[in-house]
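> One-letter residues, chain by chain:
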Amino acid sequence: MRILSVDIGSTWTKGALFGTHRDGLRLLGRAQAPTTAHLPEAYYRVERELLKPAVRQPSEAPAKGRRTTPGMNPGSEAGDPDDLRVTWSSSAHGGLAVAALGLVPDWTLAAARAAALSAGARITGVYSYQLTPRDLEHLNAEKPDILLFSGGTDGGNQHYVSHNARMLRGLTPETVIVYAGNRDAAAEVADLLGDRPMVLAENVLPDLREPAPESAREAIRGVFLDRIVEGKGLSELVAHTGSAPHPTPLAMLEYVRALGETGRLGRFLCLDMGGATTDVYSHGEATSAEQAIASAGLPEPVTRRTVEGDLGMRVSAQAAAAAARPWVERLLAGRDLPIAGFDAWIQAVQADPARLPATPGELAFDDVLASACVGAAASRHAGRIEIVYTAHGPTELRRGKDLRGFSSVVCTGGFLSRGGDVRPAFSIMPFDERGRIVCTPADARVLFDRDYLFPLLANARFAAPEAAVNAGIGALQAQ
Amino acid sequence: MNTHTIVLGVIGADCHAVGNKILEAFFTQAGYRVVNLGVMVSQDEFIDAAIETGAAAILVSSLYGHGEIDCAGLRERCIERGLENLVLYVGGNLVVGKADFGATRDKFLSMGYDRVFQPSVDLDGVLELLSQDLAARAGG
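Protein chains in written order, with this note's numbering: chain U, 1 to 479; chain A, 1 to 140.
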């Protein structure tokens, strides 16, 4: 079987042709093209390139030449040309933009936000308690694809949900409402919204101790396929390929989950850094020793995704240099590099996002920026431990996911694939601004997806689940 | 059978878990929908949970003697956050040492708690009072 995997990103449309080989995949070819305003054009170019007869070499040679790894063998066999599976994803035209509305920020809003992120969304805004006319104005200006509307546990508060449903009668029809709040209020919400299009899902937080994101995630995926694919010019490709696209981050999240379920990477963090955002995925459950620490807030999912829109290497370079300033300053000082030179480099890449480092100095500045983004993104993903003094002596109180015992960090994305040492970034800022311990990995091995295959393997997994997972693990390399 | 939701928890930096589990089992069996936040619960966590679950009462426990510091201001905070009608109970070893319970009760009543209990209280009596107080609150 051959698998054509294509990912339409906001800047590049990337593709690979894989062939099944023993228990893994063989890379038969790679291609990429700049993403076009009419998305199918770039797709067709990549597809033509990959399916032209007798592809012999990967079209884009990896930086350090060809390597052979157990799961991933570059090869030239075309396989049975009739057995071709096509699988593709898209994050183009702003990806899947979702705003989250909840009642209390730490409960239903947190649950709605987590559900949207796990559906592969980009969060455009978060709203809690009663929606105000100003909030509504903001929503109508942002025009997210979806508003995920939650509030109240089942049998819980209905007052805020009713108020918010009334307010949402003024929401632009371009935004689809997915209601995933208190079940008891669902009928009233549907009444209040009248003939406005709305999708009903199960409550994201039916009970305070048990978030249930699955139904909302499915509803978001349904809206993505029904409405958003059409709106972004992708329905032509659905007809062409005979299959529906996946939102890129959703494919990645499910790939990370599948990698994690093999147990071969231990508990791990996966960082996918691009020009605009840094996506962080983690897979692993708290150990019994970690559970002994008192915890507060929503229980953490086994596989978790966060995305940082202000941490990126090009489009977000300026924002990242400001947001991750403490990391930048310490990294520069550690390497004896001038702050003024770094700031000049940031301005240069912000003005020209296609700019690549040409001198050792520029390369060093790019490394500092990448490490700073890693440090800040991991810190935001990680939980916090606060020491509380009790009658029994000092006690640890945890919020969020404890990554200190995680054994691997997987780096993917154009900049991280290159293979700089990002480990110091985890330990530069051991405490946050409130003096709490930041639970980033303490002693993890760093593995690199040097050929940046993960998003393409994430797609291939839909055609060949086990082979794609084996290929991904085989493709990872240490420093 | 009543369908009221009540929020339970041990306030402050207090990790006494046993009584809290007993209260959860007892009130659940009595037909309440119990949201148990466990130990080391802050004032805001009680209030957040009560808002989200539409709870009619918060039952605060404090066993380690710092109750006065931890419990002060909870009523005001509830009002500030829109829970004017909530029934608020507190119980446990509320102060350090062998203080006179009458004085302790008055202190906590003046903080805005509706009822104050000592550890030796008969839970059936509490159940009776809770049901009366909830009915009165609903009627008024």
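Since the hints were derived computationally from the structure, they do not count as laboratory data. Any given hint might turn out to be false.
So the derived label-pair ranges between C-beta atoms look like this [what the hints assert, rightly or not]:
(1) A/A138 - U/D195: 14 to 24 Å
(2) U/R196 - A/D44: 29 to 39 Å
(3) A/V96 - U/G170: 13 to 23 Å
(4) U/S288 - A/D122: 48 to 58 Å
(5) U/K143 - A/G73: 34 to 44 Å
(6) U/S407 - A/D44: 33 to 43 Å
(7) U/Q479 - A/T3: 24 to 34 Å
(8) A/P119 - U/S288: 25 to 35 Å
(9) U/G309 - A/Q132: 15 to 25 Å
(10) A/A136 - U/G94: 19 to 29 Å
If you only want the chain U side, here are some residues facing chain A, beta carbon under 7 Å, derived [as the list claims (entries may be wrong)]:
(11) L103
(12) T108
(13) G156
The beta carbon of each residue, even a glycine, is placed where N, CA and C say it ideally should be.
> All hints, please: hold or fail.
Taking the hints in turn, this is what the structure says about them:
| no. | hint | result |
| --- | --- | --- |
| 1 | A/A138 - U/D195: 14 to 24 Å | violated, 36 Å |
| 2 | U/R196 - A/D44: 29 to 39 Å | holds, 35 Å |
| 3 | A/V96 - U/G170: 13 to 23 Å | violated, 56 Å |
| 4 | U/S288 - A/D122: 48 to 58 Å | violated, 37 Å |
| 5 | U/K143 - A/G73: 34 to 44 Å | holds, 42 Å |
| 6 | U/S407 - A/D44: 33 to 43 Å | holds, 35 Å |
| 7 | U/Q479 - A/T3: 24 to 34 Å | violated, 60 Å |
| 8 | A/P119 - U/S288: 25 to 35 Å | holds, 31 Å |
| 9 | U/G309 - A/Q132: 15 to 25 Å | violated, 53 Å |
| 10 | A/A136 - U/G94: 19 to 29 Å | violated, 54 Å |
| 11 | L103 | holds, 6 Å |
| 12 | T108 | holds, 6 Å |
| 13 | G156 | holds, 4 Å |
Checked against the numbered hints given earlier, this structure breaks hints 1, 3, 4, 7, 9 and 10; the rest are met.
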